[in-house]
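Asker: Residue numbers (numbering that gives the first Met the number 0), protein chains in the order written: chain A, 0 to 221; chain B, 0 to 221.
It is possible that some hints are incorrect.
[Unchecked claim] Within a straight-line C-alpha distance of at most 30 Å, the following computed DSBU-like cross-link-like pairs (lysine-lysine) qualify:
| no. | chain 1 | residue 1 | chain 2 | residue 2 |
| --- | --- | --- | --- | --- |
| 1 | A | 205 | B | 17 |
| 2 | B | 17 | B | 116 |
| 3 | B | 116 | A | 213 |
| 4 | A | 205 | B | 116 |
| 5 | A | 213 | B | 17 |
[Said to hold, decoys possible] Quick list of the computed label-pair ranges, beta carbon to beta carbon:
| no. | chain 1 | residue 1 | chain 2 | residue 2 | range |
| --- | --- | --- | --- | --- | --- |
| 6 | A | 209 | B | 139 | 27 to 35 Å |
| 7 | B | 194 | A | 28 | 46 to 54 Å |
| 8 | B | 57 | A | 25 | 46 to 54 Å |
| 9 | B | 194 | A | 130 | 24 to 32 Å |
| 10 | B | 31 | A | 130 | 30 to 38 Å |
| 11 | A | 11 | B | 5 | 22 to 30 Å |
| 12 | A | 80 | B | 201 | 27 to 35 Å |
| 13 | A | 119 | B | 13 | 53 to 61 Å |
| 14 | B | 1 | A | 6 | 19 to 27 Å |
| 15 | B | 61 | A | 25 | 32 to 40 Å |
[Stated by the list, open to error] If you want the footprint, here are the derived chain A segments under chain B, 3+ residues with CB under 8 Å:
| no. | region |
| --- | --- |
| 16 | 56–69 |
| 17 | 79–91 |
| 18 | 175–188 |
It is worth saying that the hints were derived from the structure and are not from the lab. Even for Gly, the Cβ is constructed at its ideal location relative to N, Cα and C.
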Amino acid sequence: MLEGFNFRIIWEYMPLYMQCFAATLWLSGLSLFGAVVVGIIACAMRLSQSRIMRSMAGVYIETIRSTPLLAQLYFFYFGLPSMGIMLPEWLTGVIALTLNSGAYYAEIIRAGIQAIPFGQIEAGIASGLSYFQRMGNIILPQALGNTIRPMLGQAIILVKDSSLLSLISIMELTRAGQVLTSERFTPAEGFLTTAAFYLIIYYLLKAFSGWSEKRLIFREAH
Amino acid sequence: MWGFYFNELMRSLPFFLKGLWMTFAVSGLSLVFGTIIGFFGGILRAGRNKPARMIVGAWVDLIRGTPFLVQIFVIFFILPGIGIELEAFPAAVIALTNLTASFITEIVASGILAVDKGQQEAATASGLSNYQQLRFIVLPQAIRSILPPLVGQYVLLVKDSSVVSAIGVVDITRVGWLTVQRIPEGLMVFGLVGLLYFAVCYPLINLSGFLERRMTVASTRL
Chain A
0 MLEGFNFRII
10 WEYMPLYMQC
20 FAATLWLSGL
30 SLFGAVVVGI
40 IACAMRLSQS
50 RIMRSMAGVY
60 IETIRSTPLL
70 AQLYFFYFGL
80 PSMGIMLPEW
90 LTGVIALTLN
100 SGAYYAEIIR
110 AGIQAIPFGQ
120 IEAGIASGLS
130 YFQRMGNIIL
140 PQALGNTIRP
150 MLGQAIILVK
160 DSSLLSLISI
170 MELTRAGQVL
180 TSERFTPAEG
190 FLTTAAFYLI
200 IYYLLKAFSG
210 WSEKRLIFRE
220 AH
Chain B
0 MWGFYFNELM
10 RSLPFFLKGL
20 WMTFAVSGLS
30 LVFGTIIGFF
40 GGILRAGRNK
50 PARMIVGAWV
60 DLIRGTPFLV
70 QIFVIFFILP
80 GIGIELEAFP
90 AAVIALTNLT
100 ASFITEIVAS
110 GILAVDKGQQ
120 EAATASGLSN
130 YQQLRFIVLP
140 QAIRSILPPL
150 VGQYVLLVKD
160 SSVVSAIGVV
170 DITRVGWLTV
180 QRIPEGLMVF
190 GLVGLLYFAV
200 CYPLINLSGF
210 LERRMTVAST
220 RL
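Next up, chain A with everything else stripped away, as it sits in the complex (with noise of 0.2 Å):
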């Protein structure tokens, strides 16, 4: 297979590629983003004092953890036409993202905290602490050193996921593959070069996941 594997054509469609990598940086970014903030809420919603609002949580979290992203992608995708919202293609994408790693990065924020002690926060309290000293200076440096690892873990699948978004004809590294091979029939050097980007993606950000484990890390005080 590899001797006869061809640079050249790599290099020619290497604007290509460069241009799909970018997109694929951006699309998991603007939903990495989003699904931060959506899991922040819904976690908040979880562990509210509501009961309608931790069961609105709750069925959130468990139909998106119960059902396949590229289910949840088409449903978006054919579905939202269907009820007249009709979007770009790369929005419906991100929003089937977002929603999808909220629901994960809600359960990994709730867990972060939930390991706290609440004898912490008691003990906060009776030092006089105001409710956002606590937050500051004791839950969230623990639930953040908490989760720094299962966030970034849930990062490197969002980044995978984002390869789905070329099923609904985005730009992105998978369909800059595809692309490549259809108009040369070169699968080898099509998929080859996209999964290497992947992984050029992957290390980094395994390299980031360990490094904050030895550097952010406030190990927990108990």
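Dock chain B against chain A, hints included.
Answerer: For chain B alone, kept in the frame of chain A given last:
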């Protein structure tokens, strides 16, 4: 109009059940093969043989670092180039088995490494062979931390199997995609698709949660 489409959809219910069966077939086969390969991989990954450890580690990274969609395309489009012609179904099973095996490898390896080192030393001191140590000392204890994430992995397996629809395997997602060309009510069609996945995955997610609680209790009682 909505009522008409609904009746149409009900008429094509057998088609959906056929798709469900295909999803079961692809995921079931990959589950069995993936678990077997994953256990062997995990034992190697947690073992003393350094080259084996590194090769397995590199393989896991390669699979974890690339999207499943790209892996399917590589297997389905590139293997024929080196003389291995595959139908869509076996290609899907191979890709999904490969993916599942790599994740189970990590689960099994971390389960084995979580067993206290003294246990193995004691077993060595008692004169048990390597196989006996693994079979009677390490694995029975490791299975407690392996089982909950293993069932969680099976949920991911069922969900990931939706991606094989991209190479034309007629699973539930593909059935939905084909049906929506005929019945242009995306919300309804993919609502049904989602419902079928939910019916499979939701009990599995709960089983995983139940096992997690059960196994933590079991290990604290020790």
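Asker: Please name the hints from earlier in the document that this structure breaks, with their numbers sorted from lowest to highest.
Answerer: Hints 1, 2, 5, 7, 8, 9, 10, 11, 14 and 15 are the ones this structure does not satisfy, whereas the remaining hints hold.
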